[in-house]
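K.L.:
Each chain, written out:
2 protein chains.
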Amino acid sequence: MKKLGIVDMGFLLAEGRETPMHVGGINLFTLPPGADEQEFLHGLAASLRSDEELQPPFGQRLKMSKLGLAGPVYWEEDTKLDLDYHIRHSALPKPGRYRELFALASRLHGTLLDRNRPLWEMHLIEGLQNRQFAIYSKFHHAAVDGARSMHLTQSMFSPDPNARNLGSAFSLESQNRYRLKLDQLRAENYSEQELRNVSEAIKEAFQTSTQVFSSLKSFVGGWMGKGGALALPWRHVPQSSINTPIDGSRRFVAQSWSFERVRAVGKALDGTFNDAVLAMCAGGLRLYMQKHSELPEKSLKAMVPVSLRQAGDIDSSNAVGAISADLATDISDPLARFAKIQASMIAGKALFSALKPKEAALMLQLLQMPGLLLMPLGLISRFPPFSTVISNVPGPRQTMYWDGARLDGIYPASIVTEGLALNITLVSYDGNVDFGITACRRSMPQVQRLIDYMESSLCELEQAVGIVSPKQRPSRARSVKKTKATKKKRRVSAKT
Amino acid sequence: MKKLGIVDMGFLLAEGRETPMHVGGINLFTLPPGADEQEFLHGLAASLRSDEELQPPFGQRLKMSKLGLAGPVYWEEDTKLDLDYHIRHSALPKPGRYRELFALASRLHGTLLDRNRPLWEMHLIEGLQNRQFAIYSKFHHAAVDGARSMHLTQSMFSPDPNARNLGSAFSLESQNRYRLKLDQLRAENYSEQELRNVSEAIKEAFQTSTQVFSSLKSFVGGWMGKGGALALPWRHVPQSSINTPIDGSRRFVAQSWSFERVRAVGKALDGTFNDAVLAMCAGGLRLYMQKHSELPEKSLKAMVPVSLRQAGDIDSSNAVGAISADLATDISDPLARFAKIQASMIAGKALFSALKPKEAALMLQLLQMPGLLLMPLGLISRFPPFSTVISNVPGPRQTMYWDGARLDGIYPASIVTEGLALNITLVSYDGNVDFGITACRRSMPQVQRLIDYMESSLCELEQAVGIVSPKQRPSRARSVKKTKATKKKRRVSAKT
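Order-wise, the sequence lines are chains P and D.
If you read the first sequence in the numbering used here, its first letter stands for residue 93, the second for the next number, and so on.
If you read the second sequence in the numbering used here, its first letter stands for residue 93, the second for the next number, and so on.
Do not rely on the hints blindly, as some may be mistaken.
[To be verified] Now the stretches of chain P that chain D is said to cover, found in silico as 3 or more residues with beta-carbon under 8 Å:
no., stretch
1, 331 to 341
2, 368 to 379
3, 533 to 545
[As the list claims (entries may be wrong)] Result set (BS3-like, lysine-lysine): computed pairs, CA atoms no more than 30 Å apart in a straight line:
no., chain 1, residue 1, chain 2, residue 2
4, P, Lys-172, D, Lys-390
5, D, Lys-186, P, Lys-186
6, P, Lys-172, D, Lys-186
7, D, Lys-172, P, Lys-390
8, D, Lys-383, P, Lys-172
9, D, Lys-172, P, Lys-186
[Said to hold, decoys possible] For the chain P half of the interface with chain D, some residues (derived, Cβ under 7 Å), not all of them:
no., residue
10, Gln-130
11, Thr-203
12, Asp-206
13, Asn-208
14, Glu-218
15, Gly-219
For the record, the hints were derived by calculation from the structure and aren't laboratory data.
Using N, Cα and C, we set each Cβ at its ideal position, and we do this for glycine too.
So here's chain P without its partners, still in its complex pose (with noise of 0.2 Å):
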């Protein structure tokens, strides 16, 4: 039985009825052609439901000792594992477009995985327009992160069209082949710092001997005591109704934008795709924040996770840091805007780089954790360490096919906890970047509008450094949007 690492031991202990902790999101697909739905999916469904023996922690369930989450946590196997339970099958009412899709993955996003079973379900969702279809899987953050989860989706896909019977990807086997297709190719691109698992680090640093929980306790308390190193930059953030408390129920919505079209933006302002990317959200939050009447004087953080998984490790389950991003949107200018999100891009690199492996992930921790521990303590709304999250999470770079349905789009949903009721992650695939916003239904009731905000504010970059937009050149987007028609219209774009 393996145990829970601190870092998974955090997840369960902050997780409440208004703070589900699992993570997850919309894959889109378009039926092969000429295949039935009903039967295709009904394939799939019966091909993830197979008794293969499963990769953990896919088939385990937490086993604790009396102390509950106060004492020590364990994987073991689920022996009443009940497939039917997890491989689920929805349907969208008609007239079946994304939003009855957004709304439904809103409804299941918003409710908490049993504790008595193995923490994940996938739903296979029929219905929508176009001979698409959807899955929406949910995993709890304790068991799977995001790049786990993305790469259990490269595992699951094929990039050969043909190819069919990939058998589940929960399986052992398929586990195991994934990994020998990951050493031949070496092609990941994760980052390469050598940093240690942060799980081991904090093990380390807080002294396995100690009580794990008191550890953490008295953590929080040195990190809540004015002054020393523990008193971080970001620590006075302003109060905005992303920073308020939430209850359990979410919205989910989704878009995709060109991949190269926000990379231009960042290639004209010497800058990386990932800043133009924070760019493009900053001037969208500011447009929303303008329109709801509640701008701060103050600019908004962003926490921006880092992953310190190491290339080759695709079980261990939660490596990840966090850099404090400036979103600038006290400044109205849109260069002088991205240029002050860049330039807090930079130092917080700069922070990790000039670190030794172990006191880089020390203190990725101190960014990270004291978000989590305040939680269950009630405390983050009136101290807000970042104003939003802003994760990057790589995926695919070919188009992918599952059973011969081409894989359109990858759309993640993640936790949004008190404080922190708004999380903006994004998945670049197949010459897009896939965005999926996860709010707290009661704080941010209209946050559909920000997909639109975030368009303005990519245009009005691309007019800042002179970029013609396709939106300005009608000309010549009639033969461009010819092409690409096929491919576009399938993916969740503006004109949804």
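Based on the hints, put chain D in the right spot on chain P.
P.N.:
Just chain D now, with coordinates in the frame of chain P:
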């Protein structure tokens, strides 16, 4: 602001992620001739979402002091009421059989209601075969009990297939209209016992000056003590798979039987309709236990709730007492089993009639409350006060319509708790008796078989009393079937 009574508080205190405390169920309809499903359902949703003033507590949410549930709790207006959240639209995957409907209802019934909002949801469900559609509704027991929900059903529908634009059943206006109609008709069939509202009686018994929570605790202490007036006879019911700890997921199945067919068995044995229902369930449970090799030597006991709601009282939410019925599952002869069940019901009713009203109300608490209160203490699976719950809720006698859509069946879904993993609730409606069976998915994964065993049990009783059951008379059955076919085939029946 209305303060919650002690019984309603009990449902909040007892609720946990493994034991949601909501009731509800499936209502099945046939679209009006010529109506377009999508258009019709959108019309219904729109009228349910109209911004009329809502009757309490559908527009109200819980308001607690800093003491939480240990202090007084009130209903307050939800100023941010979001009816899109409460009125939902779902669809079934193809082929849209009752099987898919029950799978969806099982899932919806296994998730907690959001305590930050009014404690109810209603789901319009499309995608059924034969021009049927369904609603699944979900009400927290602290807000709405079974009888109140039946009043809601009555007020929602009309006996006139041509009646249209009935408005939202949740509106204050609809409640007032219904109250008037009730005054005129006085056709209600509730118990006329001059009993006081249960929560009033128990409040007096424990003195309002004492803190509610500690009173309940000492009450449980008394019940757990041995001997004296509190050592009640059903204390030692046998262990079975029904009396186990449960988890949070559910299985829901439903079935209709002809009211006449069940009543004929009761009549032939000088018993009531309810005696026949209990005998049918008892025989079914005996077969289920036998097939799973776990039939206990001692007989199973059923809690049979009795409504204490006074005629004309349609808004006090919980007014329920209980009789403990001996199911005689240790007896193989169906007639001897029936006789023992009947005797225990007569004894239970005699017990109530011999008590003064106030004593009866208190006695009912002794029968009902411990189950609720033992739950949070984790003791009920060791001291199960009953084996299961079999509850009969009176429904409308005539065929009802919702904006012209015929109501085909009313299948209630109820609560299962620690140690009571099975609940059987039935509604008599329009010549049928509609059973809804709710079970813990882990404890009773094959509960759908109980439906068949109940049919076997009914046939066995019919045979024993010399009634020729419909299955045994093919020659006459044919002609009977012909006339009833159009109606019957749309009910959930043994053939689906």
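K.L.:
Please list, smallest to largest, the hint numbers that this structure does not respect.
P.N.:
Hint 2 is the one this structure does not satisfy, whereas the remaining hints hold.
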